[in-house]
Amino acid sequence: MSELSGLLAIWEREFRVFLREKSRIFASLLSPLMWLFIFGGGVGSALSTSSFNYQTFIYPGIIVMSCLFTSIFYGAYVIWDKRLDFLKEVIVSPLSRTTIFFGKALGGVTDAIIQASVLVLLGPIFGVHYGWFLIPLYAVLFIMITGLVSIGLIIGSLMESPEGFGLITSLINFPLFFLSGALFPLDNLPSWLKGITLMNPVTYGVDAVRSLMLGTSTFGLFKDVLVLIAFAVIIVVIGAWTFSKMKV
Amino acid sequence: MLIEIKSLTKKYNSFVAADHINLSIKSGEIFGLLGPNGAGKTTTLMMLSTLLKPTTGTAIVNGFDIIKEPSQVRKSIGMVFQEPSSDELLTGYENLKLHTMMFGVPANLREQRIKEGLELVGLTAEKNQLVKKYSGGMRRRLELARGLSHHPKIIFLDEPTLGLDPNAREQIWAYIKKLVKKENVTIIITTHYMDEADRLCDRIAIIDRGKIVAIDSPENLKRKIGGDIIQLKFKGERNLNSLKKLKFVKKIDKFENGAALTVSDASKHLQEILKVIGTVESVEMRTPTLNDVFLHYTGKEYHQNGESPEGGFFEKAMTYRARSK
Ligand SMILES: Nc1ncnc2c1ncn2[C@@H]1O[C@H](COP(=O)(O)OP(=O)(O)OP(=O)(O)O)[C@@H](O)[C@H]1O
Ligand SMILES: [Mg+2]
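Chains as they are written, first to last, in this note's numbering: chain A, 1 to 248; chain B, 249 to 573.
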């Protein structure tokens, strides 16, 4: 019982801090919007894909990108907590490290879901009409974000400096994004490239979101969801374990 | 014994930050840890609160082993850290709320505890301000209220009154005393304020370079100095060596423009000392304070027999270099 209220307390704290940092929300929306309208608009005018307009095609991919960047970046706040010794205050509490990890993760998931929702609101611009698919959509986002946030937390718990964190995460973010099929269809890729994208969990997130929003899929929603669940479970377990080993 | 520290040792590579510390602390005791910067006070408290793993040795806190049962230990303690540890983007109230929730204060008691805490440290009016906007002293007070708000059995205070004004400090002392009396709380406190240690602590351990060099009640520590302090002020160099020959001069601490002597039966021997040293600008005679005790055990001084000033300095310089590696 006290573990639960501790978890809620940590979650609530993350949420309040998120709401207070308006610039953080704004800044992290800027880059998906630029991708959608500048990159998507530019490339789209030069290129005509068969069934969709290019902007519509990358729209689900950009939602996933926003989730990816926000989730991984969230791990940086662990480093700020370390620098302020706030982390010591949390860790000296009777709460188990697993609870602390889940509280933190839930906070990050909330942030990323809110950011993604702002992008989901743009749906009508790209001809997406809302319906029941929103429920499985949010389920998919939740599962994928849980895994991604955990990656961020793992890196944050291992690093000492925000600079180091930035370096490592940019090395992770961009391959995960570019090799996910967010910006191009996977069907006609050379086989070596396709092989890499198949190992990227984000690929399945993009495919699932695209399948729910646009009704087109490479792997099928069922397989996407299975892969995402496996990914999230594995990373969460590793994350809880790294938190239990974290030094302050 | 509520806290039993057994040969507790922490090594950072080859540097020993805490060196086989042994201590027993009774329930209801206010125990002071004094020592120069880098002596190992924080390191010791961090091990006791299970945040840092000892290299060797262990401690029993409230009946639980800090290595084998860390979560039970954490349930028994409250901690005020030396460095700022509140969330700047939360208000004072929210910081306290978060703490009481994490530390398992039952929901129906939380508001009451928060209110008490805010009143104790005089932050009721500022409770809805972001901590970012607090002054250093206000933060300190908030963190103190926070550390006590879950009514732990044992409290570790790492320089709790650092940066507080004299009024706030008096209030905190009064509260700590009240807490111990009413709730039978046990406290380990580190501080660099000797008056604070003297006023609050039942017993004091002086720790230097990771080792405990003295441990007793403040009164006994002062008594053990074995004499009174004669403080001399003078200009230029004096031949202090000739003082060393006098039997009743137990110790000589040289300062820039003077020296402090530890002398048994000081009033009787003052004349003789002045005869040896020549005219001085001023003389002050007093019974030892805790400050003198501190300097006695940790200070840079001329020992009566033993190291020469050069040797002493050289030795110290070497240890500093060894430490900074
Ligand atoms: N993570 C670390 N790595 C290496 N050395 C460390 C580390 N943490 C502390 N030390 C060293 O251990 C020694 C003891 O430090 P500690 O913080 O316990 O001192 P302290 O008695 O609390 O001093 P102060 O009065 O300045 O707070 C210091 O010399 C410090 O440099
Ligand atoms: Mg310290």
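These are calculated hints, taken from the structure and not from any lab test. It cannot be assumed that every hint is accurate.
[As the list claims (entries may be wrong)] In silico lysine-lysine, DSS-like type, Cα no more than 30 Å apart, as pairs:
#, chain 1, residue 1, chain 2, residue 2
1, A, K247, B, K459
2, A, K88, B, K492
3, B, K470, B, K492
[As the list claims (entries may be wrong)] Estimated spans, in silico, between C-beta atoms of each pair:
#, chain 1, residue 1, chain 2, residue 2, range
4, B, E529, A, K247, 28 to 38 Å
5, B, V531, A, S161, 54 to 64 Å
6, A, V118, B, K430, 49 to 59 Å
7, A, E160, B, N285, 18 to 28 Å
8, B, E359, A, L134, 36 to 46 Å
9, A, V118, B, Q330, 33 to 43 Å
Where a beta carbon is used, it is the ideal one built from N, C-alpha and C, also for glycine.
Against the structure, the hints:
| no. | hint | in the structure |
| --- | --- | --- |
| 1 | A/K247 x B/K459 | holds, 25 Å |
| 2 | A/K88 x B/K492 | violated, 50 Å |
| 3 | B/K470 x B/K492 | holds, 22 Å |
| 4 | B/E529 x A/K247: 28 to 38 Å | violated, 54 Å |
| 5 | B/V531 x A/S161: 54 to 64 Å | holds, 55 Å |
| 6 | A/V118 x B/K430: 49 to 59 Å | holds, 53 Å |
| 7 | A/E160 x B/N285: 18 to 28 Å | holds, 23 Å |
| 8 | B/E359 x A/L134: 36 to 46 Å | holds, 38 Å |
| 9 | A/V118 x B/Q330: 33 to 43 Å | holds, 42 Å |
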